[in-house]
Amino acid sequence: MDAIIQAFELVFTWPVMTTILGAALFGLLVGAVPGLTATMATALLVPLTFFMDPIPAVGAMVTCAAMAIFAGDIPGALLRIPGTPASAAYTHEAYAMTRKGEAETALGACVLFSAIGGLFGTAVLIFAAPTLAEFALNFSSQEYFWMAMLGLTCSAFIGSPSPIKGLVSLLIGLLVATVGLNNAAGVPRFTFGSTDLMAGIDFIPAMIGLFAVSEVFRTVAAGAPAWDNVQVKVGNIFRNWGGMVVTYWRQQLRGNVTGTAIGILPGAGADVAAYVSYAVSRRFSKTPEKYGTGHLEGVVEATSSNNASLSSAWVPALVFGIPGDTITAIVIGVLYVKGLNPGPTLFIFNPQLIYAVFLIFLLANLLMIPLGWLVIKLARGLLRTPRSILMPIILIFCIVGAFASNNAVYGIIIMLVFGILGFFMEENEIPIAPCILGIVIGPILEHNFITTMIKSDGSFITFVDRPIAAVLAVGLFLIWASVLYRAFQSRGAAAS
Amino acid sequence: MTGRTILILSAALAASVWSIPHAAAQYPDRPLTLIVPWGAGGGTDATARIIGSGLERELGQSISVVNRTGGSGVVGHSAIAEADPDGYTIGIATVEIGMMHWQGLTELTHQDYTPLALMNEDAAGVQVLANSEYETLESLLEAIDSSPAGTFRASGTGQGGIWHLAIAGLLNDRGIDPTKVPWVPSEGAAPGLQDLMAGGVSIVPCSLVEARGLIEAGRVKSLGLMGPERAELFPDVPTVSEAVGSDWQIGAWRGIVGPEGLPDDVAERLIVALEAVYNSDDYKNFMAAQGYGVRWARGEEFGTFMEQADASLGQTMEAVGLAR
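For the protein sequence lines, the chains are S and P, in the order given. 1 is the number of the first residue of the first sequence in our numbering; add one for each residue after it. 1 is the number of the first residue of the second sequence in our numbering; add one for each residue after it.
You may find that some hints are simply not true.
No more than 16 Å apart at the CA atoms, straight line, and that leaves these computed lysine to aspartate or glutamate pairs for EDC-like [as the list claims (entries may be wrong)]: (1) P/Lys180 / P/Glu142; (2) S/Lys338 / P/Glu142; (3) S/Lys165 / S/Asp457; (4) P/Lys180 / P/Asp145; (5) P/Lys284 / P/Asp236; (6) S/Lys165 / S/Glu426; (7) S/Lys165 / S/Glu427; (8) P/Lys180 / S/Asp457; (9) S/Lys338 / P/Asp145.
Not everything, but these chain S residues come out facing chain P in the computed CB check (under 7 Å) [claimed, not checked]: (10) Ala43; (11) Phe139; (12) Ser141; (13) Pro342; (14) Gly343; (15) Met453; (16) Ile454; (17) Lys455; (18) Gly458.
For the record, the hints were derived by calculation from the structure and aren't laboratory data. Just so you know, these numbers come straight off a predicted model, no measurement behind them. C-beta: ideal position from N, C-alpha, C; glycine also.
Turn these sequences into a full structure, and let the hints steer you where they fit.
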């Protein structure tokens, strides 16, 4: 109990509170600018933390990351440019809502369920960190291989109205993912002697191209028509919050659990969590046909998931110093500098510090509501701008974002190429999300397949001879079986 | 009129007389860019950012730290080498500059840079699970020697990466066939250690600082360090020379370089500033707290260091069959 009181004393001081507030605003800004990720926001804070005490230093980074992941939803919903990769899974859906004139519902849900998701992940972190970290450490390349397969299956077969078109999109993504030097054998593939291509296709400019630039092209091709349903203003984002929580408590809880589980595993982060949750939501929905047309259900589940995964990524980080994602990787470095060495001993020797960190997690997620409201209020002016003015501005933001992802003009070229690709994909009703997921998960899948084969000297049995791997494999085959069964059933129904 | 003002005025006068474009103000008169060939979150990024904030103080100009990642470091290292040699773009070079060209990935070598200052080096360690039956490096090496190939597997970086060379070089040095310990490529030390915990591999020859969390948590132990002396971080870990009498040493180093052909006065100004950063409490404390080793070499000395590292890495890669 003493430790908890001490933790309150550590956190509720003016320097700590102002630092958190400043970091929150900074995180919102960076997250809302497409191309700048939550990871980048956290990295930019590192030199500042040198001059801070441990608690404000960690608090600043935690708050900044949480805000950035939420803020990525804002340009996603309003302009169809995901602010961070973690928002890409449901950008299409949220933007469709805006076009139907429901921007305030979409953004209100993003704020609310991001905050709840973050709180859920934090609760898991507080109560179960050591046990869960122990479990997550049992994951070797076999288990990650099956996890990656599950992710791909979700996106291709479940997350898309037409499995064939979903598969086409996924294969485009997987092909793109093979470019470069970042494969297990370290052999350059499809690089044509170019140094830039050795780095592969960076998926942030690719994502900006597929989503945003393709939208710009489409608007230009259609002669910049007025908005379908004019969204004159974003109304009260708090409207109907109670109703949403009651209607979507299942989606929220499932998103929280999925996100938390994925976050705990080192090597999968908020972006993967959002994809899997969106797909799961569609699979279990009573109205899957509404997905993609501006339906709130999937947005709720995915946005609940990405923020939950952000908090739970701290489980292996705090207990073993193994980063759960790139953000925690940065913070672990800062923890060492501040003498808060990650490890089981942190929970034993300095419990007041760890409680203080937990308190900041809670505060950051609560702060998201008022600050999120403020940013949305500021951002909604965008919707009153005519498209002929807005689209060039979006293009400028896209170029800045694509350049900033690796500080190179190469990023802009990738963005343009993928903008054209995205345009033609959408003209042919091929969904974009599976392609992005292919670029994200393809390397994980390949890497874990190759390393498993190296470890087993080429024997396939090793993929199922570990208990967790076997369970995952069975789960995957059950999903495949159910997809095939339903496909045959619907064909039979159509024939009769 | 103070002496300083006179100096500035006469410098300005001199500049206008000879009309040398860049000498009008003293270098540096605008912000610098510091290129990092590795991603945010890694040790090189952290080191570059602390050096960057120190340089800002020393040079009185802001430094923007820019990550140019990908291609196992090739992209960022190329960007540094291709920058204008005006002193406004510098970068942090890492040990890979002495390895990539041997693998045929790039033409770049240390000769494409103006060496400024070596700032850090971390020797490779030999890490196994804490409950492993091997208590000493000697018993581990004996077991490797007497077991069939593939009994022990190691991980911790990509194929042909620095830690791969570390273990292969150690085995080679002890007269054991390096292919007896197959390498399992991973995207860095953290996933390698994760796989060690999950039972996927049995050895992770990464630096001590990377394994620090798990060593302190009592889950992993280090049997030996491939450096000239014991590390401050874990003084109980013997060097390989103490443990098995091997002279084999290898480590990951980081240093600040500029593109080839940096003007001497600019290079000197940067070296002086870097030396001040290196000797500052901020730098020393930061590196000590994270557990990184520090090592200093200036200008030419750093150039010689890179040349020797290059030759020795090349020999090892040749010996273990990684060179192309």
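Status of the hints after comparison with the structure:
no.: 1; hint: P/Lys180 / P/Glu142; in the structure: holds (12 Å)
no.: 2; hint: S/Lys338 / P/Glu142; in the structure: violated (41 Å)
no.: 3; hint: S/Lys165 / S/Asp457; in the structure: violated (36 Å)
no.: 4; hint: P/Lys180 / P/Asp145; in the structure: holds (8 Å)
no.: 5; hint: P/Lys284 / P/Asp236; in the structure: violated (22 Å)
no.: 6; hint: S/Lys165 / S/Glu426; in the structure: holds (11 Å)
no.: 7; hint: S/Lys165 / S/Glu427; in the structure: holds (12 Å)
no.: 8; hint: P/Lys180 / S/Asp457; in the structure: holds (13 Å)
no.: 9; hint: S/Lys338 / P/Asp145; in the structure: violated (43 Å)
no.: 10; hint: Ala43; in the structure: holds (4 Å)
no.: 11; hint: Phe139; in the structure: holds (6 Å)
no.: 12; hint: Ser141; in the structure: holds (6 Å)
no.: 13; hint: Pro342; in the structure: holds (5 Å)
no.: 14; hint: Gly343; in the structure: holds (4 Å)
no.: 15; hint: Met453; in the structure: violated (10 Å)
no.: 16; hint: Ile454; in the structure: holds (5 Å)
no.: 17; hint: Lys455; in the structure: holds (6 Å)
no.: 18; hint: Gly458; in the structure: violated (11 Å)
Of the numbered hints listed earlier, those contradicted by the structure are 2, 3, 5, 9, 15 and 18.
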